[in-house]
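**Q** Chains as they are written, first to last, in numbering that gives the first Met the number 0: chain E, 0 to 604; chain U, 0 to 584.
Treat the hints as calculated values from the structure; they're not laboratory data. Careful, some of the hints might be misleading.
What the hints assert, rightly or not - Below are the DSS-like pairs computed for lysine-lysine, each with C-alpha atoms no more than 30 Å apart in a straight line:
#1 E/K225 <-> U/K477
#2 U/K1 <-> U/K97
#3 U/K97 <-> E/K225
#4 E/K31 <-> U/K189
#5 U/K97 <-> U/K11
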Amino acid sequence: MMHGGIQAIANAPQERAANSSVVLRRLLGYLKPFRRELLFVLVLVLISAASQALGPYLIGRAIDGAIGAGNGAALDQTMLLLLAVYVVGAIASRAQFVAIGAIGQRTLARLRVEIFSTVQRLSLRFFDRQPAGDLMSRLVNDTDVLNQLFSQGLIQVLGSVFGLAGILIAMLALDWRLALASFIVIPAMLLLTRLFARLSRRAFRRARESLGDVSSDIQEEIAGVKIAQAFNRTGVNQQRFAQRNAANRDANVNATAITSAFTPAIDVLSSVATAIVAGYGGYLALGGTISIGVVIAFLTYVQRFFQPIQSISAFYTTAQASLAAAERIFELLDTPPDLTDAPGAKPMPPIAGQVVFDHVSFSYGARPGSEGSTQTLTLNDVSLVAEPGETVAIVGPTGAGKTTLVNMLGRFYDVDAGAVLIDGIDIRSVTRASLRAQMGVVLQDSFLFAGTIAENIRYGRLDATDAEVEAAARAAYAHDFITRLPQGYATPLGERGGTLSQGQRQLLGIARAILANPRILILDEATSSVDTRSELLIQNALKSLLKGRTSFVIAHRLSTIRDADQVLVMQAGQIVERGTHDELLARGGAYAELYRRQFHESVPA
Amino acid sequence: MKSLQRVFIYLKPYWLIAFGALISLLLVTASSLVSPQVLRLILDQGISQGDRATLLWASLLLIGVALVRALFSFTQGYWSEKAAQSVAYELRNALFSKLENLSFSYHDQAQTGQLMTRITSDVEQVRTFISGGMLQVVSALALLVGSLAALFSTNWKLALITLLTVPAMAAVIARFMRIVRPMFSQVQKKLGALNTVLQENLAGIRVVQAFAREPYEAERYTKLNGELLDANLQTIRGLASSFPMIFFISNLGTLAVIWFGGHQVIDRTLSLGELVAFNTYLSLLIMPIMMLGMIIAQISRAGVSAERIFEVLDAQSEVHDRPGAQPLTAVRGRVAFEGVSFRYAGGERNVLDHVSFVAEPGQTVAIMGITGSGKSTIINLIPRFYDVTTGRVTIDGSDIRDVTLESLRDQIGIVLQDTTLFSGTIRDNIAYGRPDASDADVEAAARAAQAHEFITGFTEGYATIVGERGVGLSGGQKQRIAIARALLRNPRILILDDSTSAVDAETEFQIQQALQELMHGRTSFVIAQRISTVRDADLILLLDAGTIAAQGTHDELLRTSALYGEIIDSQFGGQHQDEAELVFA
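Using the sequences provided together with the hints, build the complete structure.
**A** Here is the structure:
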């Protein structure tokens, strides 16, 4: 009986690196620090392969020289030798296992760090092209594939290659005729393995695809079950699910037919080899050409053909997928940093808060997959001045460039033309870290990290004391709801703050910004509706946040706009109007139109 | 384990193939036990005694036995998998139907991920148990007993000596199960933590960069990465003392056989062929021991999975048709709440408390109040997503619990705040509630919902694929498709959760027009977010902590309710009560 490993081969990811040799060389480069350990591993591998090959040989010799000759003392001698061979082999293979595994895991750990620091220095421009979710799942998958290679593939394949070589050499040394005769099954096994791998790969792909249908059906239905019930659709949905479910069952049964045939087929080949050894070997033994001990040794050897062949076939697929994964990882590591500190960049001195946009233009460049013209400038010759402490409200339709404008301030992107000046200093001439240290950002959806509430607020300033954290929470009107939670500030937040309401998350985002005490504040007001009470809290919290800082607000709330020192109305990358709320209303232009639209029938009768 | 027994009920319709698999398995085991005997024949009679004829036919017999074994091992693998896949199919169907029909109160408490796991990986565990574990136990036991019998009948002294390896082997496997396997979950946990940091740094990159927290994050990551490395190295060491150890012990078994057996051959109490056959049986003995260790763990996992599956299948749906429920026909649309109280299962207080009101046919009812005041509960009671705790809800005078669910919900159109669209074409989504609707009807609904224009703007038009695998629609577009979906059903009663999501002013305007079209001539319930809706409503329900604090028209309430004035003030624009919340997006 053999293990049906065809499934593992068939299920391995099917990919090839575009440039295998380059990738391989670079991947091997990571092994350089382990040169001495690798030499050690090589010695160990040779020892354990030798012990594998020596076992049956010694048994054969015991049978011929000791048992057959009736020599008990010789038997004891040979058996002690065999025991020594087994012990040395066991020690060597254990040490080899640990050594290869350690090298692999250390290499992987180093790669992980490199990936992480690359991710950190990537600019937002990179993430605009590549959704974070996609990148994440790719990175996780790719490192996982490499982990497979390092933790299992490498160990198995090294043992298999050398083990098989050892067995073949021992067989040839014992008797070349019988060896060659029994080798006949090896190419057959190889061919059969490849054939089945191809057949079952196709079958398993179908099974996987049908499983994809089933699980997306389930996911969708669970998420949308209320709609399904409301629209009386449950019957139709059950029918469709049963169909897809049946398709999945049939695809799996088909795939099973192939894998179920594989193991017996190999078993038959293995028995053919045994029969050859027994029949032809017996014939040779009867003729006196070889001894019966050789036949018995051969019987053991031929049982050990298949395992390494299977490992090697599996490794071939794993290795291909690993190279493809490594290639993608290297590609990421090689992404040139598009935002760097200028050589000789100085730290930004303490900011007073004057912000000037001097004829700033910017475009995201050709973005694959984006709709519409790629040529248009996202910001087109934008100029503005905000004095220290002023609040600047930015309004306009989606896609007008509001977010891009505020992103220029923290140098998340670099301008294509013009300049952004803070206190008269071009922000490209200072270090980004020192610039951002004096700025604060509150986004629409406050991003919360896995950790406690206190940790999330403290994200604004790591050395803040508990008292300061609490003071910030109070100023953000978050203290009340926090202390109502059973664990208070120590409440752990699930991934992305799932346990809190939208409004509460916004308050935490505000508290974080208050704690950071930035000189310049960027605020993207949330559009989604929260209940009245939270809304009032948020408005009050924002007031305490905005006070005394130069603030840029992508505004959605009338109260914010009304209180702003200047309102910028943006359309298609340009500032089309500017002034206070009252001035703009009086002007009767774009702003007044936006305003009227909003209140089309609510104006007092 | 009781749950696992229950799984067998699902296996019943497939008993024939399951039985076939079992018979095949026993035949495979038997043929495995025969092979060493043939080998013994070859060595003792063929080679040792120079019997060429025996040598030839016994060698061919080896291949013959292998062919028989191959045939039955195929049928065993195929049939057992077929039975297992069929059971998995039945279980999934049962789970799916159950989930589709469980009432809202169940889904409120269940987590999507959890349910997903049950219907996918838990079913998968049970399937592997049926195709693998269950039969493997039989196979392992048969092989174990068979090889032991063969060993002892050949030479009991030698058998006893070789049996010494069994406890050693069992100890290594037990150690592996107890110590090494938990290490894997440790590694998974560390990896999960590490990936969370990576995930946060990808998704929250703006926050990280904005607060210049790169060094802090890097430190966090490096620390977790170090911990992961340590866990990995520990696991490798654990594995290293398991697998090479097992091989070593099995080698020691061989050594014992040859050594002591060799002496017996010298003493002429054992033949050489018996010695070789003995050695082969020994290798047959080792496999079931290794397998049993793995299977025990697998069975306990499958048991837990089966329990979780039946937990869902046994869940009671609170809302179901009463025996003898009649279909609700020809609705005029008078909806009345008569002293309705509602409390969630396990809840401590009433979410609705003695709520009474009447909506006449064609009226628009606006429902106002802060989050948690019971607005959504009211609209959820009308289509019987939940059943009232006390009191009753009537439509045209008949208690909605006396009519069939299907006929009730057929009369009701719903646009929820969460506009879930399903994978499929836009047409499929609009026709969701009426799959047999004609193309003309679908288009008419889309036009009325102000959606026709943007739909035809897509190259594929109504055939455009949306949902998870399709094009992304904006919030406003989704909302309009949801409105068209409700319109197409031409319901007598309409329920709207009219919350503004992030849409720009232009879209906002269009959605509102679509909604007005939708409400025309139907009894409508609207969770109101817009001043315009509230002002035009025939009846406003002002909810406060589950009770109706005030009801009436806009003008009436302005005069009579201080709370109403307050809410209008805070919700719709500070001191200017005539201005709605401005949403410039």
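**Q** Next, verify each hint and record whether it holds.
**A** For each hint, the structure was consulted:
Straight-line distance between C-alpha atoms of E/K225 and U/K477 comes to about 17 Å, which keeps the hinted pair within the 30 Å bound. At most 30 Å may separate the alpha-carbon atoms for a hinted pair to count; U/K1 and U/K97 meet this at roughly 21 Å. Taking the CA atoms of U/K97 and E/K225, the gap is about 13 Å. The hint holds against a cut of 30 Å. A distance of roughly 27 Å separates the Cα atoms of E/K31 and U/K189; the hinted pair therefore holds under the 30 Å criterion.
Using a Cα cut-off of 30 Å, the hinted pair U/K97 and U/K11 holds, with the two alpha carbons roughly 21 Å apart.
The structure fails none of the hints (numbered hints given earlier).
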